[in-house]
Amino acid sequence: MGIKKVGLNKNVAPQSIVEKIFFLDFAKGLKTTIKHLFKRVITVDFPFEVIVPAIRFRGVHGLRNVDGTEPEDFASWVKKLKIKPPEKGETRCIACKFCQAACPVPEIFVIKAEKLDVPEDHPHHGLKVLTQFDMDLGKCMFCGLCTLACPTACIIHTDVYDLSSYTRRGAILNKEQLAKIADDFIARRGKEKFDEHSHWPDTQKVWPEYDLARAKAWDNNPPVFGPNYQDQE
Amino acid sequence: MSWISLEKIKRLGEKFSYANVIENDKGFHSIEVPKENLIDFLTFLKTDPDYSFKMFIDWTIIDHGQKADPRFQGVLILYSPEYKERIIVKTWATNETLPSLTGLWTGAKWAEREAWDMFGIRFEGHENLVRMFLWETYPYHPLRKDFPLRGIEDTELPSLNEKERMDQLEGTMNYSRMHTALPTLEDLEKTQKARMPQKKAQVVLNWGPLHPGTHGTIWFLFDMEGEYVKECDIIIGQLHRGVEKLAENMNVQQIIPYTDRMDYIAAINENHSVCIAAEKLLGIHEKIPEKAKYIRTMMAELSRINSHLLWLGTYALDLGALTMFLYTFREREKLMDILEGITGARFTINYFRVGGVYADLPYGALDAIEHFLKDLPKRINDYETLLTRNRIWLKRNVDVCIITEEDVYDYGLTGAVARASGVPYDLRKIDKYDAYGEVEFDIPVGEKGDSYDRYLVRMEEMRQSIKIVKQCVEKLRTMSKNDPYFYEPEDKKMKITIDGRGTKLFKGEVYAAADNPRGELGVYIYQPKDGIKPFRFRLRSGAFYNLQVFTKAIIGRPIADAITLLSTIDPVVGETDR
Ligand code: SF4
Ligand code: SF4
Chain A
1 MGIKKVGLNK NVAPQSIVEK IFFLDFAKGL KTTIKHLFKR VITVDFPFEV IVPAIRFRGV
61 HGLRNVDGTE PEDFASWVKK LKIKPPEKGE TRCIACKFCQ AACPVPEIFV IKAEKLDVPE
121 DHPHHGLKVL TQFDMDLGKC MFCGLCTLAC PTACIIHTDV YDLSSYTRRG AILNKEQLAK
181 IADDFIARRG KEKFDEHSHW PDTQKVWPEY DLARAKAWDN NPPVFGPNYQ DQE
Chain B
234 MSWISLEKIK RLGEKFSYAN VIENDKGFHS IEVPKENLID FLTFLKTDPD YSFKMFIDWT
294 IIDHGQKADP RFQGVLILYS PEYKERIIVK TWATNETLPS LTGLWTGAKW AEREAWDMFG
354 IRFEGHENLV RMFLWETYPY HPLRKDFPLR GIEDTELPSL NEKERMDQLE GTMNYSRMHT
414 ALPTLEDLEK TQKARMPQKK AQVVLNWGPL HPGTHGTIWF LFDMEGEYVK ECDIIIGQLH
474 RGVEKLAENM NVQQIIPYTD RMDYIAAINE NHSVCIAAEK LLGIHEKIPE KAKYIRTMMA
534 ELSRINSHLL WLGTYALDLG ALTMFLYTFR EREKLMDILE GITGARFTIN YFRVGGVYAD
594 LPYGALDAIE HFLKDLPKRI NDYETLLTRN RIWLKRNVDV CIITEEDVYD YGLTGAVARA
654 SGVPYDLRKI DKYDAYGEVE FDIPVGEKGD SYDRYLVRME EMRQSIKIVK QCVEKLRTMS
714 KNDPYFYEPE DKKMKITIDG RGTKLFKGEV YAAADNPRGE LGVYIYQPKD GIKPFRFRLR
774 SGAFYNLQVF TKAIIGRPIA DAITLLSTID PVVGETDR
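Residue numbers (the working numbering), protein chains in the order written: chain A, 1 to 233; chain B, 234 to 811.
These are calculated hints, taken from the structure and not from any lab test.
Here the structure is a predicted model, which is why all the values come from computation and not from measurement.
Careful, some of the hints might be misleading.
Straight-line C-alpha distance at most 25 Å; calculated SDA-like pairs for lysine to any residue [what the hints assert, rightly or not]:
{"#": "1", "chain 1": "B", "residue 1": "Lys762", "chain 2": "B", "residue 2": "Asp379"}
{"#": "2", "chain 1": "A", "residue 1": "Lys193", "chain 2": "B", "residue 2": "Phe719"}
{"#": "3", "chain 1": "A", "residue 1": "Lys4", "chain 2": "B", "residue 2": "Asp379"}
{"#": "4", "chain 1": "A", "residue 1": "Lys35", "chain 2": "B", "residue 2": "Leu609"}
{"#": "5", "chain 1": "A", "residue 1": "Lys4", "chain 2": "B", "residue 2": "Lys703"}
{"#": "6", "chain 1": "A", "residue 1": "Lys97", "chain 2": "A", "residue 2": "Lys180"}
{"#": "7", "chain 1": "B", "residue 1": "Lys766", "chain 2": "A", "residue 2": "Lys193"}
{"#": "8", "chain 1": "B", "residue 1": "Lys241", "chain 2": "B", "residue 2": "Asn253"}
Computed Cβ-Cβ distance ranges for the label pairs, DEER-style [unchecked claim]:
{"#": "9", "chain 1": "A", "residue 1": "Ser164", "chain 2": "B", "residue 2": "Glu386", "range": "26 to 32 Å"}
{"#": "10", "chain 1": "A", "residue 1": "Pro201", "chain 2": "B", "residue 2": "Thr556", "range": "40 to 46 Å"}
{"#": "11", "chain 1": "A", "residue 1": "Leu163", "chain 2": "B", "residue 2": "Lys300", "range": "42 to 48 Å"}
{"#": "12", "chain 1": "B", "residue 1": "Asp608", "chain 2": "A", "residue 2": "Gln232", "range": "23 to 29 Å"}
{"#": "13", "chain 1": "A", "residue 1": "Pro106", "chain 2": "B", "residue 2": "Lys628", "range": "54 to 60 Å"}
Cβ coordinates follow ideal geometry from the N, Cα and C atoms, glycine included.
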């Protein structure tokens, strides 16, 4: 078993008399600090400069609308739960409450679906629509379990992180607000995050390379990204 | 696996007629002893050269529910440094009392106070059985099964209710005016008195609970003679959130985000402990896909570097070396970027799952890690030039607050604190969980156990971590992008999901732990029948037991050493309080 002994006189020599008299320990320390004096600034000047969160970042939630990139089994889920088939631009949520079931704090969600009030001969008779979807993000710990549970890739995490408000009520978002957050996010960064099939395409990058503020924090010498595995392009 | 063999434990059963061996199909055998014979039996276990279970690990209670009689059971976990194995000794707490083990292991002191606080079990022979986390006048014992999860909401707190605005909100999301009990100033005064019943010297100095030097909300009481500490006690619990209670009410994947909030500085390692324990209980720990194993090992080591960087920065800051803080935070920032990119969060990570990890590495992750590691050793050398042989640093650290090998066994110290005292106790080597059996690294071990050794051990640990991460990266490079990162059970009875829904735990009992930057975070799961929610979920916190030795090591030292000692023990309050 590999054991490495450390300690004064073991891997560290005690101070010699010369060092003590001439304050060499301080001189060496000062050399290091002076070296840093001539380096470029690495702090990000927030709020004038903002770091773009990584694409996997788990920020404020959003509810996605139907836009043609649904998972293949979307139609069958809609059928199974007796939901009115959504048009383009309507929410993907099928009120299955899987997100709530996966969540460690289920009281965050209030999800309701109601039957449509249409005559019996209408094709949508007996089908439901989502009427309420509230999330109390004040209780959320942004763990991401809800997004992994959603069968329709409806509930997602966006990169929005500034959710402050003067009252607790401001932390409660309804379905319109959530949909708007998701739409904004998809418009901005949808391409980075999703491809047609999955949440986790293997082109997803650690963080966006176009982000100059982050490069600054990396001593202006950010890493160049390449494939992880030998069979990845 | 570091567990006592069946044959050896059976010999114990034969030797003592009152002892009853409980076999376990996963290999975690335990032994049951009546409480009248407990002390004799344990003295034998501790002193007999064939067993020598010298090291105290954990001492806790299981509540079997109101209907069971006897209702409470004590569970003691010990470790034998000679034979590198663990054992569980159980005993029934009839009449809600148990004998105190403080005569055998001083470390049982806090464990027993915690058990009294949480379960209301009295320990006969304990010198000062006061509460551990809650205040002295608190009437309930919250980990009992009949205590509701939400607590008993009997205190009105209108200030938390924004009356005007909240009324507009219909439905369930309004906030209730009623709140669970809160301590008043008077309660706190009583608590303080009870913690230190007799003053030895003239002045009792309060340090904390909100003092930057305490790195969290810890409240120290020092009884001082001039500048020297004669007596010390610590009041913790300000951050107690009842993680164990919460864990008993949810499935195991949902517990993981809660552990993020325990040791928030090394959240990944906390997640790791839970995963290892649950996987052992399910019996799948050897079937975890290799990719997941390597990713987990790599992430755990990155997290260790992250944690040690923060430790070094704040430690040096406390001792007056301000620049250090800025330097380590620069490196830490990069590491946080990497963690954010891979896991989706900078701090409360929740990346590991029972069965693997929740997503594969994103594009470029290994490059970012390699890029970071390329210059880290140089930076660590820089830090060392600034500190290691600086005369002020030497004066404030060498021979300060020595923790001996005896203390390590008595108090159940783990992690860097144990290793600095010359005990090569490292679960990564002993248990070889995940990929630790396949990577090469050394355990840094100190000699004297003073603050300086603890400093050197952690510095060396960072270097060893770099070595481990490099090996993991190399190995991961040879894998394919299609290799699985999550275990899919073949067994029909077993269900494990990435989102946690329906994840079931099997009947059984397990104690498993990971070596975290702050010591051994052990998870003890007791499950009387198959089910989703664990019946008893015990988190054995390394930081909690490590902090306990503070009260001993500071005695006879000047008050200024308290800072050094606390920094080198390096507890995180989220974990000590749970
Ligand atoms: S992120 Fe976690 S806590 Fe928040 S709503 Fe989703 S599952 Fe619940
Ligand atoms: S899991 Fe998805 S589809 Fe189901 S209720 Fe939640 S958001 Fe809607």
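For each hint, the structure was consulted:
With a C-alpha separation of about 19 Å, the suggested pair lysine 762 of chain B and aspartate 379 of chain B falls inside the 25 Å cut-off, and the hint holds. Note on lysine 193 of chain A and phenylalanine 719 of chain B: the hinted pairing holds, with a Cα-Cα distance of about 21 Å set against a maximum of 25 Å. Of the supplied pair hints, the one linking lysine 4 of chain A and aspartate 379 of chain B is violated, its CA atoms being roughly 50 Å apart against a limit of 25 Å. A hinted pair counts as satisfied when its Cα atoms are at most 25 Å apart, and lysine 35 of chain A with leucine 609 of chain B qualifies at roughly 16 Å.
Proposed proximity of lysine 4 of chain A and lysine 703 of chain B is supported: the alpha carbons are some 19 Å apart, at most 25 Å. For the hint linking lysine 97 of chain A to lysine 180 of chain A, the alpha-carbon distance of about 20 Å falls within 25 Å, and the restraint holds. Straight-line distance between C-alpha atoms of lysine 766 of chain B and lysine 193 of chain A comes to about 34 Å, which puts the hinted pair past the 25 Å bound. Under the criterion of a C-alpha separation no larger than 25 Å, the hint pairing lysine 241 of chain B with asparagine 253 of chain B is consistent with the structure, at around 13 Å.
Checked against the hint of 26 to 32 Å, the pair serine 164 of chain A and glutamate 386 of chain B passes, with Cβ atoms roughly 28 Å apart. Checked against the hint of 40 to 46 Å, the pair proline 201 of chain A and threonine 556 of chain B passes, with Cβ atoms roughly 43 Å apart. At about 45 Å, the CB distance of leucine 163 of chain A to lysine 300 of chain B agrees with the hint of 42 to 48 Å. For the pair aspartate 608 of chain B and glutamine 232 of chain A, the supplied restraint of 23 to 29 Å holds, since their beta-carbon distance comes to about 25 Å.
At roughly 56 Å, the beta-carbon separation of proline 106 of chain A and lysine 628 of chain B lies within the given 54 to 60 Å, and the hint holds.
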